[in-house]
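Chain Y is fixed; fit chain L onto it per the hints.
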Amino acid sequence: MSIVVPAVTARPGDPEITPALVKEHGLSPDEYQRVLDIMGRTPSYTELGVFSVMWSEHCSYKTSRIHLKTLPTEGPRVLQGPGENAGVIDIGDGLAIAFKMESHNHPSFIEPFQGAATGVGGILRDVFTMGARPIAILNSLRFGAADHEKTKYLLPGVVAGIAAYGNCVGVPTVAGEVNFHPSYNGNILVNAMAVGLLPSDGIFRGVAAGPGNPVLYVGARTGRDGIHGATMASDTFEEGVEKPRPTVQVGDPYTEKLLIEACLELMREDAIVAIQDMGAAGLTSSSVEMAGRGGTGLLMDVSRIPAAAEGMTPYEFLLSESQERMLIVAAKGKEHIVERVFAKWDLEAVVMGEVTDDGLWRVTEGDREVVAIPVTALTDAAPVYNRPYAEPEGFQASLTEPELTAHGDAKAVLLALLASPNIADKRWIYRQYDHMVRLGTTLRPGAADAAVVRIPGTTKAVALTTDCNSVWVKADPFVGTEGAIAEAARNVACTGAEPLAITDCLNFGNPERPEVMWEFVRSIEGMNHALRELAIPVVSGNVSLYNETSQVSVHPTPGIGLVGLLEDRSCAVGLGFTEAGHRVVLLGTPRPTFGASAYGTVMHGVERGAPPAVHWAEERALLGTLREGIEGRHILSAHDAADGGLGVALAEMALAGGRAGSIGSGLGATVQLPVSADLLARERWLFGETHGCAWVEVADEHLAELAGIAGRHGCAMTELGRVGGTDLRVTDQDGAVVLDAPVSALRDAWEGGLVSAVGLTPAPPRP
Amino acid sequence: MRFGIVTFPGSNCDHDAYHVVKHVTGQDAEFLWHKNTDLSGVDAVILPGGFSYGDYLRCGAIARFSPILEEIRRFAEDGGPVIGICNGFQVLTEAGLLPGALLRNQGLTFICEDAHLQVANGHLPWTGVCPETIVAPIAHHDGCYYADEETLAMLEGEGRVAFRYCDRQGEVTEASNPNGSLHSIAGIVNARGNVLGMMPHPERNAEAELGDATGAWVFRSVVQAFADGEVGR
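One line per chain: the protein sequences are Y and L, in this order. Per our numbering, residue 1 is the first one in the first sequence, and the count goes up by one each step. Per our numbering, residue 768 is the first one in the second sequence, and the count goes up by one each step.
It is worth saying that the hints were derived from the structure and are not from the lab.
With a Cα cut of at most 25 Å, we get these calculated BS3-like pairs of lysine-lysine: (1) K802(L) x K344(Y); (2) K789(L) x K460(Y); (3) K334(Y) x K344(Y).
These stretches of chain L come out as covered by chain Y in the derived footprint (C-beta under 8 Å, 3 or more residues): (4) 781-791; (5) 820-826; (6) 880-886; (7) 969-979.
Glycine is no exception: its CB is placed at the ideal position from the N, C-alpha and C atoms.
Just chain Y, same shape as in the assembly:
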């Protein structure tokens, strides 16, 4: 290293650096030796804290980095790939979409309300930092078993936290997914995604350039909350250990709202060189990353930071994760513009440092220098691991489809699946989220396979979804992750949109266990394969490892957030049947399996077996047919098969039926299956899980045109029934009744499922 590291004098009161203190900071002996080699001296206490957070798994991606590098991140629409605060893609007409998904798992398990709330706040900052007006929030939540004692407390807490933050900042929470599984009993997952709209030539980045330019601290004051949050997020939990409690941050959505308005207003002035939000590892991470990207250095004085508490030390200022704060590099001489705009919004903005050219990250406390570390030591020189991984014993054998006996009563099976908490109605949750503010949401939660949010001043809309069936991923991480991406792509295609790009949030257990690391590696390989098959990139993301409590790792959960584009949103369709008399048509070739299925879990308590495989040529044919069929207005509603299979998908179309684009009062259908009287074959066709399939509703006079489109794409198309009546009636190929249930009975099971499984206070009936 060419940079000479200056000495700093010990700060009175700082503890002595001992092996125990190093260990407490989560640095291994090898890592600490690396610190000594780089520094050429013993680090100060403050410096030790800085290395601890910057080299933590959460900030350094030291375990995941070599694997993430393999993923496709480029494409004609990519304006900003991974490495910035959020990814940005071009949607034409001079507009772009910034988006990213991020985890807030550990804090949410400790304090569900604040943990979830600040998760939303953090991801919003990542997006508006890019210069984007946030237009939508999504989330992906995993709780333990629905009847686990903690779920009843954690679920309402997380939902209320997301609601409190998102509703107050005025960004609609438009879509998401919620799943329950015992593997999350001791470690819930709270992933939030934000989506923003910006001019394609108006992207702001966090590149600290121009030595001499002032560094401004803006937003809320710094307190002692959240110190070492990044380190906590890089460790496992132990039952009964409550020590991390003080590291949960407290959110203030009102200040965030002001911060959004102030930043977006400031961005219209020509005053900003770089901007970055203070997320995990606070001021340290944000300023180091900015200097790292700029190839510059920084000199900052913590005594200028507006403090929320008395007597804060440099260590505390640098590691605090107080919320609603940003760092701005202004053009020299334009500090007053920043100060003026922030004063208008009653926010503080203070010059606290400047960009330098010495490649050092230097921090003073008044006149005393307390930190001097080469920037690259904290970024490029951070450790990188290629951790060992191994396929778990018995994996191949576990892929055999479980041999199940037919239940015999298909109606009872359907009712049980609809009432199971993973499939049941999620209205109890989404009615607490303001999903309409900003007047963008043309397809609301529950009304379609993806939320559709219009782009003002254009005919366009974006279709947004989050997906991951972690039972599939657990059963086979490669195939299951492919499946998550296939499902996400189908979900936006079912509204009529073209899938453009994804963000990911990779939640895994302890990577120091070879079998968990194997799950991670195989999952990334599956993601890589799927993205290349669909020719879409990943433009942003987040990795959350060490989701383990008392030696139990969570199911591998690579959450996929996908953005799709509708050029002409007036053709977009929902999932509910719209009108009696229309045809019920199946697109695609079903290959249903009981492996890793909801049917297996709910009806038989069996979770093993290979998950459904993705046949990419068929999947692409389906996506193309859906899009073209919807664009041509031949398809009036569409819904893909996912958990619960084709039978549950059909029931969901009936349940949402009766009012286009919204949840209606229900509309039945009569459908004839291409199966015999064999009970197991019937149940496999209805409830086995498959990729590559979607039900669509088509008016008679459009059948021929849709058949032509399907033919051109090479997608199978089968007419199987008609919309109408008050019952969902399914027969076999000989006309014998497989199931016949009033939609109202389906509704009772579906609407009551979540509430009764968790023990929540029911919401009143739909208006």
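Leaving out everything else, chain L in the frame of chain Y:
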């Protein structure tokens, strides 16, 4: 007709109201900053939804001290049309421009959902051309209308209840009341009828693309009343 839409710190439906006034009803619209001490000569004032001042202390409790509120009070006393939507309604009750208070929803959670509204008095400046029922989403945590018996009797007696929560058929029932509001009250007016406060958001259902367009009639009503000289300072 020119509408002024007040932006408090924390307002988040100000742009929505602006959009509907300007692009759906085709009127002029401008934002009024909360620190302003004049209303720039607008013909109507909208206090939009949101979380003014974070709704800390109590919803609307701090916004009532904004400099612009004194101007709005004068404007209302002179007969100028004012509508407070959601947080705006809360501000109007806190400021004493409308009676009663908005308490925490009976179910204790935030609710965002369509609400069917019966137009209880269709002869007001803000309801004159409304159909018998409209659909307007609610999105609030504190929307349970409360007033003492005497006030309720006065409101009912003077025809000052503008909207009530009802079901799809237009019937006012206990089940159709989403938040526990007394008398199923969703919106009320002042004695003169020019100041309306309502918890539901008519601006959210003013375009067919968003599901329903009946909310636009609230804004069209005041445009008509203004044109007819029935309202205005």
